[in-house]
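Visitor: For reference, the chains in residue letters:
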Amino acid sequence: MLNLNDQHHHQFLRLFAEHEPALRAYIRSMLPSRGDASEVMQEVAVLLWQKFAEFDASRDFRKWAFGVARYEVLAYLRDLARDRHVFDEALVNRLAEDAAASELRHEAQRDALEACLQKLPPAQRELVLSAYTKDTRIDELAARRGQTAMSLYKVLHRIRRALLECVRRQLAMEGLK
Amino acid sequence: MKPHWHETIQQYVDGQSSAEEAAALRKALSEDAELRALYLDYMNLDVALGAMADAAAVEENRSNQTVTLHEARAGSAPNYWRWAAAAAAFAALLVFATLPRGPKPLRTGQDVAAAIRSSQGATARLSFDTTSALPAWMSPTASLLEPPGVPE
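Residue numbers (my numbering), protein chains in the order written: chain A, 7 to 183; chain B, 4 to 155.
It is possible that some hints are incorrect.
[Said to hold, decoys possible] Per the computed footprint, the stretches of chain A lying under chain B, defined by three or more beta-carbons under 8 Å from a beta-carbon of chain B, are:
(1) 33 to 40
(2) 117 to 131
(3) 168 to 180
Hints listed in this document are in silico derivations from the structure and should not be mistaken for laboratory results. For every residue, glycine included, the Cβ atom is placed at its ideal position computed from N, Cα and C.
Only chain A is shown next, with the shape it has when bound in the complex:
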């Protein structure tokens, strides 16, 4: 039989696993750098666990987690204020509101992406997944393919645009714009 502490673990892990993709996308919407987003995501996971005892189970976990994440992103950005890739606080807040309002559509886009990825020629599909594999460096990947980093970025831009247009078309067909 599970004790209270174990039930607490269970409940947190279940909720966190369910909402993790949305939370990651929400944090990413406010932080253009993948590395920054990943760092903040880890911080937020720890914070959510530390504060979970205060969480009211009758409330929406996702909304609560988004609130914690937003404060954490703003705090992180204050520390990085001189970086040219950092958004100002007003823009971050606007993006956070838009991202929260678009969450259903974004979830549907993530679901539609699998089918769109399958529609790509195999070489392009393999390339885009290689580029997104953890610890991959674009300059090294480009060198292995006998390309410059710049030309590889351009190929990746075309693939990402094709994928985005595909998922948007897919959602329009399903009546989700």
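Position chain B against the provided structure of chain A, taking the given hints into account.
Guide: Frame of chain A; chain B shown alone:
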């Protein structure tokens, strides 16, 4: 909306844009809701592609391990020396079985207690935490979990 924003957003996210281009994008994002929607769609796509690449890498690792195991099984040459060793061991066993033997010594109480302690230790080493919803290796919060408690 101008089509060049697709390229501008992606350059910005990849850290490829100049300071002027980055400033122009930030200004435009503050003013244009449609552009913000496009930007957020790209960010969402970025996260989803990262998750898919991770899943593909895990799948590839798993299938590589399976292939290696199959190769190890299918590709190994027959080891005739093993057959010879097994035959020799069997012959030695037959000789040993036919030898006259004295009465089997009884185990002392101390021996039995030591054996029980040893098997309890082995059982404890084999025990694992069955209360976790996810195995620790796949849990994003594995580092947050306390070590499993010993039942009273």
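Visitor: Evaluate each hint against the coordinates.
Guide: Verification of the supplied hints:
1. 33 to 40: holds (count 5)
2. 117 to 131: holds (count 3)
3. 168 to 180: With 4 residues in contact (Cβ-Cβ under 8 Å with chain B), the coverage given for the stretch 168 to 180 of chain A holds.
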